[in-house]
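Generate coordinates for the entire structure from the input sequences, incorporating the hints supplied.
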Amino acid sequence: MSGLFDLGGWSREISAFVSDILAWLADLFGGWIPWFRDVANWFRTDVVIEFWGFVIAVMIMLVFAVINLLVVLWMERKLYGRLQDRRGVMVPHPWKKIHKGTGFLQNMADGIKLVMKESITPRNADKSMFHAAPAIIFISSVMAYAAIPLSTTFVLADLELGLIFIVAMFALSPLAVLIAGWASGNKYTLIGGMRGAAQMLAYEIPLLLCIAGVAIMAGSLNPMEVVAAQQRTSVLGIENWYFIPQFIGFIVFMVAILAELEKLPFDIPEAESELVEGWLTEITDIRFGLIFMSKWMKGWAAAALVVLLFFGGWSGPFFPQEVWFMIKTYIVFAFFVWIAWILPRIRIDQILKIGWYELVPLSFATILIAVALKFLSHFGMGWF
Amino acid sequence: MTKLWINMGPQHPMTHGLWNLRILVDGETIVDAEPVLGYLHRGVEKLCERRTYNQIIPLADRLCYVSSLCFAHAYCLTVEEMMDLEIPERAKYLRVIALELQRVTSHMTWLMAIGPDVGLITLLLYCLREREYFLDLLQLQTGARMNQNYPRIGGVSQDIPSNFEHKAIKIIDKFKVRVKDYHKVTNESSAFLKRMQGVGTLSVEDAIAYGVTGPNIRGSGAKLDMREHDPYEVYDELDWEIQVRDEGDSLARFHVRMGEMQESCKIILQALKKMPDGPINVKAPLRPEGQTFRRTEDSRGEVSYYVVGNGGESPYRLKVRSPIFCTMNVLPKLLTGVNVADVLAIMGSIDVCIGETDK
Amino acid sequence: MLPEDYLVVALFGIVAIIAGPVAYLVNRWFRPGRTLPYTEDTYECGEEPIGSAHVRFNFQYYIFAIVFVAFDVIAVVLLLWAFNLAEYRGAEALFWSMAFVLTFALLLGGAAFYALMKQEKVSA
Chain W
1 MSGLFDLGGW SREISAFVSD ILAWLADLFG GWIPWFRDVA NWFRTDVVIE FWGFVIAVMI
61 MLVFAVINLL VVLWMERKLY GRLQDRRGVM VPHPWKKIHK GTGFLQNMAD GIKLVMKESI
121 TPRNADKSMF HAAPAIIFIS SVMAYAAIPL STTFVLADLE LGLIFIVAMF ALSPLAVLIA
181 GWASGNKYTL IGGMRGAAQM LAYEIPLLLC IAGVAIMAGS LNPMEVVAAQ QRTSVLGIEN
241 WYFIPQFIGF IVFMVAILAE LEKLPFDIPE AESELVEGWL TEITDIRFGL IFMSKWMKGW
301 AAAALVVLLF FGGWSGPFFP QEVWFMIKTY IVFAFFVWIA WILPRIRIDQ ILKIGWYELV
361 PLSFATILIA VALKFLSHFG MGWF
Chain D
1 MTKLWINMGP QHPMTHGLWN LRILVDGETI VDAEPVLGYL HRGVEKLCER RTYNQIIPLA
61 DRLCYVSSLC FAHAYCLTVE EMMDLEIPER AKYLRVIALE LQRVTSHMTW LMAIGPDVGL
121 ITLLLYCLRE REYFLDLLQL QTGARMNQNY PRIGGVSQDI PSNFEHKAIK IIDKFKVRVK
181 DYHKVTNESS AFLKRMQGVG TLSVEDAIAY GVTGPNIRGS GAKLDMREHD PYEVYDELDW
241 EIQVRDEGDS LARFHVRMGE MQESCKIILQ ALKKMPDGPI NVKAPLRPEG QTFRRTEDSR
301 GEVSYYVVGN GGESPYRLKV RSPIFCTMNV LPKLLTGVNV ADVLAIMGSI DVCIGETDK
Chain Y
1 MLPEDYLVVA LFGIVAIIAG PVAYLVNRWF RPGRTLPYTE DTYECGEEPI GSAHVRFNFQ
61 YYIFAIVFVA FDVIAVVLLL WAFNLAEYRG AEALFWSMAF VLTFALLLGG AAFYALMKQE
121 KVSA
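Protein chains in written order, with this note's numbering: chain W, 1 to 384; chain D, 1 to 359; chain Y, 1 to 124.
Mixed in with the good hints there might be a few duds.
[Claimed, not checked] Cross-link-like lysine to aspartate or glutamate pairs, in silico, EDC-like; alpha carbons within 20 Å at most:
| no. | chain 1 | residue 1 | chain 2 | residue 2 |
| --- | --- | --- | --- | --- |
| 1 | W | Lys117 | Y | Glu40 |
| 2 | D | Lys3 | Y | Glu48 |
| 3 | W | Lys117 | Y | Asp41 |
| 4 | W | Lys127 | Y | Asp41 |
| 5 | D | Lys176 | W | Glu50 |
| 6 | D | Lys184 | W | Asp85 |
| 7 | D | Lys3 | Y | Glu47 |
| 8 | Y | Lys118 | W | Glu358 |
| 9 | Y | Lys121 | W | Asp349 |
| 10 | W | Lys353 | Y | Glu48 |
Simulated from the structure, these hints should not be mistaken for lab results.
Note that the coordinates shown come from a computational prediction; the quantities given were computed from them, not determined experimentally.
And the structure:
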C-alpha cells in the first residue's frame with residue numbers, strides 16, 4: 001500500500017494556499033497600499049513557498065512527536081501496570097469518588113504539574129552547565145525525529161545518511177548526562193554521570209556495527225533505501241525483513257538500544273535504589289520534565305529504528321504504510337516495556353563486560369554474515 | 001584520586017528505615033563503610049522499667065514493625081520462664097501458628113523489598129499481593145494486621161475462629177503456586193543471578209565472630225536455629241527442616257529465606273492438625289521475682305530477652321538483643337571492596353529492620 | 001545528498017533549540033518564587049555532605065575508553081565502506097575491498113582484545 005500522508009507535498013500545498021490567500025488580499029487591498037502587492041508577490045515566489053512548506057512540515061512533525069509521546073507514555077504506564085497485576089494509570093471521575101477510564105489525560109496533568117514546579121538550582125552547581133544539560137538532551141532526542149520516515153511519503157528529511165544521523169543524535173545524550181552529573185555538584189549525580197559515560201562505552205560500538213551490518217546488506221544508510229531493499233529482496237514472495245538473515249545483529253541491536261535508552265536492565269546511570277535518582281537527582285521542575293519527555297521520545301524513536309532496520313519498516317498488506325509502521329513500532333515498544341519491567345538492573349562493570357566480551361564479537365559476526373551474504377549474491381546465491 | 005564519603009541515608013531508597021550507611025568510595029569501589037544508627041532510638045529498654053509486665057507487650061510489639069509478634073512472644077516467653085509458668089498446650093500451638101504466619105509475612109516483606117533494591121519493581125507488587133493473604137490470616141487469628149498484641153503472659157489473647165483451618169489451607173495452596181512465579185522472576189533469571197551470585201560472601205567464622213544469626217548465618221552454612229537448638233513452645237514436636245546453604249553469598253541468603261517460607265507453611269498446617277482443645281490462657285502472678293535469659297528465633301535472627309524482676313509491678317531491668325543490630329557490625333567487612341551497586345544486593349539480602357535495630 | 005534535505009533538518013533543529021528555553025521561560029512564569037535558605041543545599045539524603053563533589057573522580061573504566069576510541073575508528077570505517085559498497089562493481093573489486101576492510105577491522109579488533117585481556121590480568 002502507498003502512504004496515507006504526503007508530508008512534503010501537503011505542506012507545500014498548504015503553503016501555496018496561504019500565498020494564494022495573500023495574493024487575493026493583495027488584489028483586494030493593493031490599490032490602497034502600494035507595497036502590499038510587492039510583498040504578496042514576494043510571498044508567491046517558489047523559494048518562499050518552498051520555505052514555508054518546510055516550516056509547516058517541521059511543525060507537523062513536532063506535533064506528531066508530542067502526540068506520539070503522550071500515546072507511548074500512556075502505553076508504557078498501562079502495560080507495566082498490567083504486568084504488575086494493577087490497572088495502571090486511571091483518571092478520577094469528576095464528581096463521583098471513583099477512578100475509572102483509561103487515564104490518558106494523566107500524562108498531560110503530569111506535564112502541567114512539572115511546568116508549575118518550583119525550580120531549585122543547588123548552590124554548589126555549575127549553573128550554566130546545569131541548565132544546559134536538560135535542553136541538550138531534549139534537543140537531541142527531538143532532532144532524531146527529523147530523519148525518521150513513517151512511510152514513503154510521510155518523511156521530513158530524506159537523508160542519505162539518515163541512520164547515522166539518528167544514532168548521532170542518540171549519542172549526544174550521554175554527553176549531557178555527564179555534564180548534568182558533574183555540574184550538579186552532588187555525589188550521586190557525579191557517580192551517575194560517570195556511569196552514563198561508562199555505559200556509553202559499552203553499547204555504542206555494537207550499535208554502530210549492527211547498523212553497518214544492515215547497511216552492507218541494504219547497500220545504503222538511508223532508512224528509505226533500507227526499507228526498500230527489504231521489500232525488494234523477497235524470497236518466495238515473502239519480504240526479506242532483516243531480522244531473519246541478521247538475527248544475531250537484531251538481538252545485539254535490541255540489547256544495545258535498551259542500553260542506549262537507559263531502560264531498566266540498563267538504567268545504571270539512574271539506578272534509583274543506590275543513587276537516589278542518579279544523575280537526575282538535583283534536577284527539578286520543567287528541566288526534569290524535558291528529560292522525562294525526551295526519554296519516551298527516544299523510546300519511540302528507538303522502536304522506529306528497530307522497525308526500519310529489521311522489520312521491513314512500513315511494508316505490510318491491506319493497511320496504509322503509516323498504520324503498519326505505527327503498529328510495528330508500538331509492538332517493539334511494548335517489547336521494550338516488557339523487558340524493562342521484568343528484569344532487574346545489572347551492574348556497571350557487568351554491562352561493560354557484556355558489551356565488550358559478548359556484544360562486540362557478536363556484532364562482528366553480523367558484519368561477517370552480511371559480507372558473506374553480499375559476496376554470495378554476486379554469484380547469484382544469497383538473498384540479494 | 002580523591003576518595004568520597006557518601007551518605008546513604010537517612011532519606012535514601014536503600015535504607016528501608018531510618019539509618020545512614022556512610023561509604024567511602026574510590027571510583028565505584030567501596031573502600032570503607034560505616035553504619036550510623038540511632039535515628040529511630042526510642043529507649044524501649046528504659047521505658048519498660050516504668051511499666052507493668054503486661055503493659056510491656058505492646059511496646060515489645062513495636063520493636064520491629066515487620067515481625068512484631070515474634071518480639072512480643074519472646075518477651076512473654078521470657079517472663080513466663082521467670083515465673084515458672086506452664087501455659088496450656090493449645091496456647092502453645094496457637095503461638096506457633098501465629099509466629100509462623102508472622103515469619104511468612106516478614107519474609108514476604110523482605111522479598112518485596114529486595115525487588116526494588118536490584119531494580120525489579122514488579123516483584124514488589126507480586127509479593128504485596130500474596131503478603132495480603134497471610135496478613136488476612138493473621139488478622140483472623142489475632143485481630144490485627146500489624147502490632148497484634150497477641151501473646152499474653154500465660155497464653156494468648158484469643159482463639160482462632162472455626163473457619164481458620166479451611167482458609168489457611170486454601171491460602172497456603174495458593175501461595176505454593178505463586179512461589180513459582182517468584183522463582184521465575186528471581187533465581188531463574190540470569191540478570192537477577194548476576195546481581196546476587198557471589199556478592200557479599202560471608203564466611204561462617206566471620207558470621208560467628210560478629211554475632212550474625214538467623215537466615216544470614218544459615219546462608220553461610222551454619223545449621224543454627226533456636227527453634228531446633230533451644231526449643232520452645234512445640235517446635236520439637238513438629239516435623240520441619242532447617243534451611244541451610246553453604247555458599248554464604250546474597251543468593252544463599254535468598255534461598256534460605258525462600259525455603260523458610262515453605263517450611264513455615266508446613267509448620268502451620270501441621271500445627272493446625274495436631275492442635276488439641278483446651279484453655280488458651282492461665283492466670284499469671286503480678287509481681288514475679290528472679291532473672292531469666294531466653295532466646296528465640298525471630299524471622300531475622302536470634303532475639304533474646306534478659307529480664308530481672310525484683311518483686312515489683314514492673315521489671316527492674318530488661319535487655320533486648322535484636323538480631324540486626326548485631327548483624328550491622330559485619331557491614332564494614334561485607335561491604336569493603338564491593339561495587340556501589342552491590343550494597344543493595346547485600347543489604348537487601350540481610351533484611352534490615354530499623355525498628356528493632358535502634359530499639 | 002541535497003542541501004535542501006539538510007535545510008529541513010536545520011529548521012527542525014532551530015525549532016527544537018527554541019523549544020527548550022521557551023519551556024524554561026514558561027516554567028519561570030508559573031512556578032512558585034519562594035526559596036528557603038536550605039532549598040539550595042546539595043541533596044545528600046538529609047545529611048551534611050562530607051567534602052565537595054567536584055573532585056578528581058577515579059574513573060575505573062579508563063581502558064575501555066581507550067579501546068572505545070580505537071573501535072570507533074573501525075565502526076566509522078565500516079560504516080563508510082558499507083555506504084560506498086554499491087560503488088564496487090564486479091566480484092573481484094568487491095572481494096578485494098572486503099579483504100582490505102576486514103583485515104583492517106580484524107587487526108584493530110585483535111589489538112583491542114589484547115589490551116582488554118591484559119587489563120583483565122592486571123586487575124585480577
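Cross-check of the supplied hints:
{"no.": "1", "hint": "W:Lys117 / Y:Glu40", "result": "holds, 15 Å"}
{"no.": "2", "hint": "D:Lys3 / Y:Glu48", "result": "holds, 17 Å"}
{"no.": "3", "hint": "W:Lys117 / Y:Asp41", "result": "holds, 18 Å"}
{"no.": "4", "hint": "W:Lys127 / Y:Asp41", "result": "holds, 14 Å"}
{"no.": "5", "hint": "D:Lys176 / W:Glu50", "result": "violated, 68 Å"}
{"no.": "6", "hint": "D:Lys184 / W:Asp85", "result": "holds, 16 Å"}
{"no.": "7", "hint": "D:Lys3 / Y:Glu47", "result": "holds, 18 Å"}
{"no.": "8", "hint": "Y:Lys118 / W:Glu358", "result": "holds, 17 Å"}
{"no.": "9", "hint": "Y:Lys121 / W:Asp349", "result": "holds, 16 Å"}
{"no.": "10", "hint": "W:Lys353 / Y:Glu48", "result": "violated, 36 Å"}
Violation of the numbered hints given earlier is confined to hints 5, 10; the remaining hints are satisfied by the structure.
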